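Going by the working numbering, the first residue of the sequence shown is number 3, and it counts up by one from there.
Any given hint could turn out to be false.
No farther apart than 20 Å at their CA atoms in a straight line, the calculated lysine to any residue pairs in the SDA-like style are these [as the list claims (entries may be wrong)]:
1. Lys86 / Ala51
2. Lys86 / Gln74
3. Lys110 / Thr36
4. Lys5 / Gly105
5. Lys5 / Asp57
6. Lys68 / Asp82
7. Lys5 / Arg25
8. Lys68 / Thr36
9. Lys86 / Asp96
10. Lys110 / Gly69
11. Lys86 / Leu37
12. Lys86 / Tyr40
13. Lys86 / Leu103
14. Lys5 / Thr58
15. Lys86 / Leu67
16. Lys68 / Leu103
17. Lys5 / Thr36
18. Lys86 / Thr41
19. Lys5 / Gln29
20. Lys110 / Ile70
21. Lys5 / Asp42
22. Lys68 / Thr87
23. Lys68 / Pro109
24. Lys86 / Ile39
25. Lys86 / Glu75
26. Lys68 / Ile56
27. Lys68 / Leu4
28. Lys68 / Leu83
29. Lys5 / Pro30
30. Lys5 / Gly34
31. Lys5 / Tyr40
32. Lys110 / Arg71
33. Lys86 / Thr100
34. Lys5 / Arg61
35. Lys86 / Ser76
Hints listed in this document are in silico derivations from the structure and should not be mistaken for laboratory results.
All values derive from a computational prediction rather than experimental measurement.
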Amino acid sequence: MLKTPVGVPLGVNDPCGAGVPFRQATQPVPPGSTLAIYTDGLVERPGTAIEAQIDTLARTLDSALKGIRADQESLDRTADLLIKTLLPATATHDDDVTLLLIGLPMPKGSNPVPDCRDAGPLNW
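Build the full structure now, drawing on both the sequences and the hints.
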């Protein structure tokens, strides 16, 4: 999960005309990472804290892609899983939803390294 400074969303106008500044931020992203770019419609639910939905998105994404190289097929499956998890069929929903998953390439000749925290003593 990228931790960047929180600011005013791009395009928000200050009703008092004070001119709310939009600040750009830069964050390095390691090779092999997967970026999830989404609109608020994916994570905002009445009666549910948005932070809880964002945590669910991050956990689901991490779990779905752990230890595999993100290719088109795995990103498609992961996007379907995220939509089903965050937008249950039983829930009413009236906001637009956009989700874009981007798998950043690994350097040539590299393989994903399994997370050693997942290995038990017999697997070392």
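Ascending list of hint numbers which this structure does not respect: none
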